[in-house]
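Top line first, the protein sequences correspond to chains Y and B. With my numbering applied, the first sequence corresponds to residues 1 to 204, in that order. With my numbering applied, the second sequence corresponds to residues 1 to 210, in that order.
It is worth saying that the hints were derived from the structure and are not from the lab.
The list that follows gives simulated cross-link-like pairs (lysine-lysine, DSSO-like), each with its CA atoms no further than 27 Å apart:
1. K65/Y / K32/B
2. K192/B / K7/Y
3. K175/B / K7/Y
4. K32/B / K58/B
5. K168/B / K33/B
6. K7/Y / K23/Y
7. K9/B / K65/Y
8. K168/B / K8/Y
9. K187/B / K8/Y
10. K187/B / K22/Y
11. K23/Y / K187/B
12. K23/Y / K8/Y
13. K22/Y / K175/B
14. K22/Y / K7/Y
15. K175/B / K192/B
16. K168/B / K9/B
17. K7/Y / K187/B
18. K58/B / K65/Y
19. K175/B / K8/Y
Across the chosen pairs, the derived CB separations fall in these ranges:
20. R177/Y / R14/B: 57 to 67 Å
21. M108/Y / R61/B: 56 to 66 Å
22. S143/B / C33/Y: 20 to 30 Å
23. A88/Y / E145/B: 53 to 63 Å
24. Q21/Y / S70/B: 30 to 40 Å
25. R91/B / Q21/Y: 42 to 52 Å
26. P54/Y / G68/B: 29 to 39 Å
27. R37/Y / D50/B: 42 to 52 Å
28. C33/Y / D19/B: 50 to 60 Å
29. H75/Y / G172/B: 43 to 53 Å
30. R37/Y / R90/B: 40 to 50 Å
31. R16/B / N181/Y: 52 to 62 Å
Everything numeric in this text was worked out from a predicted model, so none of it was measured. For glycine and all other residues, C-beta sits at the position ideal for the given N, C-alpha and C.
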Amino acid sequence: MNCREVKKLMSEYLDQMLEEQKKQALEEHLSVCSNCRDEIVSTQNVLAWLQAAPEATPPPDLRQKVLRRLQQERHPAGKAGRRWFPPAVAAAVIFVLLVAGNLLPGYMAGRTGVQRLGAYGSATDSAADQEATAQEADAAPEIAAAYDGEAENLQPADMKRYALLQQEAKPPLHLFRVLLNACGIPLLLLAAFWAAKRRKESKT
Amino acid sequence: MKSLYGDEKELLARCRQGDLAAYDILMQRYEKKIYTLCLRMSGNSFDAEDLTQEVFLKAFRALPSFHGQSAFSTWLFRIAANTCLDERRRRKRRPAVLPLEKALPTEDGEIRMEVPDKTSDPLAAALNSEMKDEIQELLDRLSPEQRSVIILRDLQGFSYEEITRMLKINMGTLKSRLNRARSQLGKLYRSKEEQKSRPEHLKGGRGVET
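Extracted from the complex, chain Y is given alone in its bound form (with noise of 0.2 Å):
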């Protein structure tokens, strides 16, 4: 065996993968060649070397970093289209909040007050009151008028009526309104504000 072809087998001998016959006709060799001996030696030591050398520590949050990505695919549009819809929802709820605050006690306490009123008159059985209370809501627009002016011409009846209605909705409904929007109106801005600005960063 010359020298080439020792070094044409020199891995297959490191890894102990050559036939017997093979390996005897290259130790031969080694015992007699001094170079080819040194060079085998060297790649020995540098590979004991080597496998010597302890395995890296990946960073702890590797793994969840390929999760993370793993799940972003799995939903594409999912998690990117979702985002705005949180604020818009919190948007819409404080939206029909607002609207029902400002115009239902208004006209609950009108409804209300009229019932009230209605209770003064005649009927008692309860057919009768269910029409009583037709009419009284169909006299709701007159109430209103009176509530609105001309409070110097009304009869002492709607004169009662007003006063009733003044002095149990007015003062506390105002009150309740003023806080309503105080809170309301910059809540709806926010979210609204939110909303549209999650949906431009998903956008991009």
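Take the given structure of chain Y and dock chain B to it, following the hints.
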């Protein structure tokens, strides 16, 4: 070992159904080896982290096409080796943006860019020494192809058959590549040792006058 493989089959089946918890267990099992491979191939921990993530993402996406023709580890390491080699090829095609040390000639004369000297920055020096240990210095001087066979065979201990399957090369190519890589490493190692043991007065140009 056998029970580990049986358990691995079950994990793989769960992964194919999209079970990320199962994939986390698989990743945990291989992350050290894959990260070490990427670190040794790229030579720095920043690229190694990116490459390792890339490998695990690719593997999960490709899982439906893996039917157990080979061991899962062989398959996974093939993805890893190819990812690292591809990355190197990509880098070669897109080399550094601008040689900063070079003066830029303009109409108003030359513009010289001030580059901070990295060797005088203690933090950079510390980072450098952490990333570039002696083994890496030697590995960096091999070609990527040679480096990959050394890493797979001598750092990670795969059999010749497994490596031929990972790198999709034939046995003859692997043997000659491994031979050349190892004798190259041996030479580098010898010259490094010689430099270390050389007496102080022979190093550099500073002779000691007596």
